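Hints are included, so try docking the two chains, each in its own frame, into the full complex.
Order-wise, the sequence lines are chains A and B.
If you read the first sequence in my numbering, its first letter stands for residue 1, the second for the next number, and so on.
If you read the second sequence in my numbering, its first letter stands for residue 303, the second for the next number, and so on.
Incorrect hints may appear among the rest.
[Stated by the list, open to error] Not the full set, but computed from the structure, chain A residues with beta-carbon under 10 Å of chain B:
id, residue
1, ALA14
2, GLY18
3, PHE43
4, TRP51
5, LEU52
6, GLY62
7, ARG74
8, GLY116
9, PHE139
10, GLY143
11, LEU222
12, MET223
13, THR227
14, HIS230
15, ILE232
16, ALA247
[Unchecked claim] Some chain A residues well away from chain B (every beta-carbon gap over 10 Å; in silico):
id, residue
17, ARG4
18, ALA115
19, LEU241
20, LEU258
Hints listed in this document are in silico derivations from the structure and should not be mistaken for laboratory results.
Small disclaimer: the values here were computed from a predicted structure and weren't measured.
In this text, a Cβ means the ideal position worked out from N, Cα and C, and glycines have one as well.
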Amino acid sequence: MGRRSIVAVLLSLAVAAGVLLALKSASAATAALGIRGAPRLLFDSAAWAVWLAPFAALFASGFTRRQEPRIIDRQVLRHDDAAILQHWAHAAGTLILVGSGIALGIRGFLPRLVAGTYADGVAFNIHFLGAVLFVFGSFYYAGNTLMSGRLSEHLPHDVGSSLRVVAAHYSAVLGKGKFPAEGKYFASEHLTYPIAAVGSTLILLTGLIKVAAHGANIPGGLMGAVTLTHDITAVVLGLYLVAHAVAGALVPWSWPLLRSMLTGLVPLDYVREHHAGWYRELTSQTRPEPDDEAAKHAATAS
Amino acid sequence: MTEETKKKDYTRREFVTGVGGLGLGAVLGGLVGSSFLLPDKVLAIPASQGYLLVDTKKCVGCDSCMLACSLVHHGSTSFSNSRIQIVQNPFVTFPNDIEQNQCRQCPYPACVDACPTGANHVDTAHGNVRTVDPAKCIGCERCVNACPFTPSRALWNSQEKHAQKCDLCAETPYWNEKGGPGGKQACIESCPMKAISFTKEVPVQKDAGYDVNLRKTDGTAELGLPLGDDGKYTKSQVDAARAAAAAMAAASKAAPKH
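Only chain B is shown next, with the shape it has when bound in the complex (with noise of 0.2 Å):
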């Protein structure tokens, strides 16, 4: 070995050591400076700008949004594809034998954490919505086993191979309408009970905060069907209900006879 190479394998192997020791400091450093570096910010996930409320009472499990869910996001009319999952029970009766299964956009979403790839995630472009950018997805169905409901709010796209879930319609390249929190929703749109709702409110964290009485704001009183969430009169409509047949006999006792 001549003194030239020596001295360009020395240069050489000078150079990879000291690229190796200069990126352990950094990295060690960084690490070590992270830890004694707390952020200004708070460190949360901001909550979502929109929730779907459904009124399983209402819902006559005609499957209108899941058809409409699947169709405005896909462009077909695939129940597999929808987003909001309606589920009968034909063994069971009113008031339990429908379910309408929507995602919750939970305040700490476990799909959005178990995410290892940060495909689901919170989309601050459009309202915080939770979401699945399916370019990142790896299939690695994490986020359809972490969901704590059941059937699962994230699903899995056996047709495009991804993850997916209800973005309020944020993205739907087949449904000329701004969606997402500030626009509409094809599930509401299209239901024809009006079974559907939208809020900007944080709903309660609990089975009744999600599945909530959209009878007392809507039509059905005026309609003279029950309001209760039993399928019976409730105790005010019924009090309504004597106090006019008090007053109409009240009226025919006190009119003149003819």
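Just chain A, same shape as in the assembly (with noise of 0.2 Å):
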């Protein structure tokens, strides 16, 4: 057994012993509401590990060293590690926020699912695994971005080109046309990006505001607002993801790109056909701006 398959297998052991543990903390705090002392909801008993998981994140990026993109025997290393640690920790998180948030419901806009004190107790202890896997994988993101010098790649360059190279590359997904030649992210993940970053920045800002609420008295005006700027970032969010899950990995299209977040490793015909200028990229020692790149190969295309 690789590490990286070690590493999987103790991830979801762990997921696995804090949804017991959440359906456990649930249980107690249920039977006990109302005697002083009692076992409450993980968001008041462990909110310490919300606080610690930033830190975490933070030091452990510290120790990580990024991979350049290289060739492989006919594969280029896409995602190396912490690349995959960071994504899937991230997405874990994203998915079981999501899923515990839509069960508690948004208040005035989606109704609750849950009902009882001990079944909300359960979705919000889950909410609560969720949050310190949302953290963890957001901090170790940033933290790496921070230090690779990375963002820019991601950043969307010239949001005309942009637009034009996406519907380009729309346009030979139906059939119509060449794919233009792009870089290693698409024109659409460049213009998404900012969603992405800016509503998780929202959305952590926010939600560590509300983890403060359980040990602090914040006022309720700023508890509203942070309530309503968290529940609609949610579903912003949640949208961005359902789009996201499409495009990265319901698409036959993607799913080399989805298994290289498993393996790191994406084929490189698939690299020369989708991601033409990045092929050029990997293949000699220029480096052209991704979109400028993409866009001209588009225009001369239609």
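Spelled out as structure tokens, the structure:
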């Protein structure tokens, strides 16, 4: 068993243990409601884990050495171990948060699916588990990105060019024309990255304030604004997640990328066909601006 | 990668690792340290400085208290928004035909305990009354479910989308009176039967502690109406009536005949 498999098994076991803890804790808290000193929700009794997660993630990122993409036996190393860990920690956290968040409902917008103090407690505790994973994944990503200087890889460079490339890309998907010569990241990924980045930052900030409210008296007006922002951002990120899951996992032409999120490797032929700009970059030392290159390609193709 | 870039990258890595390490140490240190530090003060929820008492044998089910409660808190007469709930059962006869379900301001409030956001809290500014801050409520309704009584004394306001409960009229935007434990309560003021009362003493923590006989302390006896919880005259009332009748008979016998 490889190192990555061991880490995956350990993370899965940790999540399973977290779910069991969430169930047990909700049961104990429900049984002891109103009794002084009784066990409470994990957001009350184990809030320290949420505060520990960002620092643990930053600390871990300090010892992480990122690997540059390279060609290995007709395959391209697209995702290194750090990328896989941060992606799946973030993804697992997001899925758990969205699932438990939908179960808990959004006041005045989305009706709750759980009723009763036990079911509520389970949903809150599962939400807690997701929060710890999400915070860890987000800060691990932030630490890695800050140190590796890769933020500019994701940001949109030229919105107009990117939009033209997106149009050409999806025309090619529908069988009209060739795929534009895109870089490591598609133009659509560049365009939507700010939504994910701003959304994640907002939901992290508001979520941490909500966690702080379990131990401190936060003014009602601030809490009202925080809750509203958290709820609206959750809806936006939920929709983003659906789009991301469809584009990145459900459609067959994305399956090589999905596999690379587990193995780290993507076939060289796939890169040549779908990421021609990146392919040229990998096979030569020149480093063209991906969107500009793709926009030129799209313009000539049309 | 130039030497300058390497140096810059190293410094940035050092900074991030340092922040992470310091934070880890602070959280873990705080966690370990706090487990050894015992607070000097007693960690207990302070008792409410006021309680509503009702007399279901006096209540006639006019619902004036419910309408008044909703009116002073929300500016509208809605039975659903009343924090005191009068329930009448037409299939049961007196004295069990009416329930006055008021919040008991429990010494260990399960609704406060269940609230994950601190919205349902002990309001120390208003005599430790247990109440809900709507701005903090996220609508999970844990307090509604946690209340050990039926119907729940923590209610869901389906118009304003938040939980609410009796605050002894501490916050009444539509009533120009001072409320709370040191002031007036709309239900008490509006009850034509005087079937709701207020006490600062913590009631006995059982049904009988909150559903009391208010007739003994008001004008019911002077009106000649029954004081017994079963709707009948009490033994002392009967004895007093017999004594009065005997005294009248004795007086009439002793009086000179014309």
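Tested hints:
Proximity of A/ALA14 to chain B is violated relative to the hint, the smallest CB-CB distance being about 18 Å (cut-off 10 Å). The criterion of a C-beta within 10 Å of any C-beta in chain B is not met by A/GLY18, whose closest approach is roughly 18 Å, and the hint is violated. Satisfaction of the interface hint for A/PHE43 is found here, the shortest Cβ-Cβ separation to chain B being roughly 6 Å, below the 10 Å cut-off. A distance limit of 10 Å between C-beta atoms decides the matter here; for A/TRP51 the minimum to chain B is near 5 Å, and the interface restraint holds.
Annotation: A/LEU52 was flagged as interfacial toward chain B, and the flag holds, the nearest CB pair being 5 Å apart, inside 10 Å. The restraint placing A/GLY62 at the interface with chain B holds, with a minimum CB-CB distance near 3 Å, inside the 10 Å limit. The interface hint given for A/ARG74 is violated, since its Cβ lies 28 Å from the closest Cβ of chain B, which is over the 10 Å cut-off. At its closest, the beta carbon of A/GLY116 sits 5 Å from a beta carbon of chain B; the interface hint therefore holds under the 10 Å criterion.
For A/PHE139, the interface hint holds, the least distance from its beta-carbon to any beta-carbon of chain B being 8 Å, beneath 10 Å. Annotation: A/GLY143 was flagged as interfacial toward chain B, and the flag holds, the nearest CB pair being 5 Å apart, inside 10 Å. The closest approach between the C-beta of A/LEU222 and any C-beta of chain B is roughly 9 Å, which is under the 10 Å cut-off, so the hint is satisfied. Evaluation of the A/MET223 hint against chain B yields a held restraint, the C-beta minimum of about 4 Å falling below 10 Å.
A hinted interface residue such as A/THR227 counts as satisfied when its beta carbon comes closer than 10 Å to some beta carbon of chain B; here the least separation is about 6 Å, so the hint holds. This hint holds: A/HIS230 has a C-beta 9 Å from the nearest C-beta of chain B, less than the 10 Å allowed. Evaluation of the A/ILE232 hint against chain B yields a violated restraint, the C-beta minimum of about 14 Å exceeding 10 Å. For A/ALA247, the interface hint is violated, since its Cβ never comes within 10 Å of a Cβ in chain B; the closest pair sits about 31 Å apart.
Against the 10 Å criterion, A/ARG4 stays outside the reach of chain B, whose nearest CB is about 23 Å from its own CB. For A/ALA115, the shortest C-beta to C-beta distance to chain B comes to about 7 Å, within the 10 Å cut-off, and the non-interface label is violated. No Cβ of chain B comes within 10 Å of the Cβ of A/LEU241; the nearest lies about 21 Å off, and the non-interface call holds. At roughly 30 Å, the least C-beta separation between A/LEU258 and chain B is larger than 10 Å, which holds for a residue marked as non-interface.
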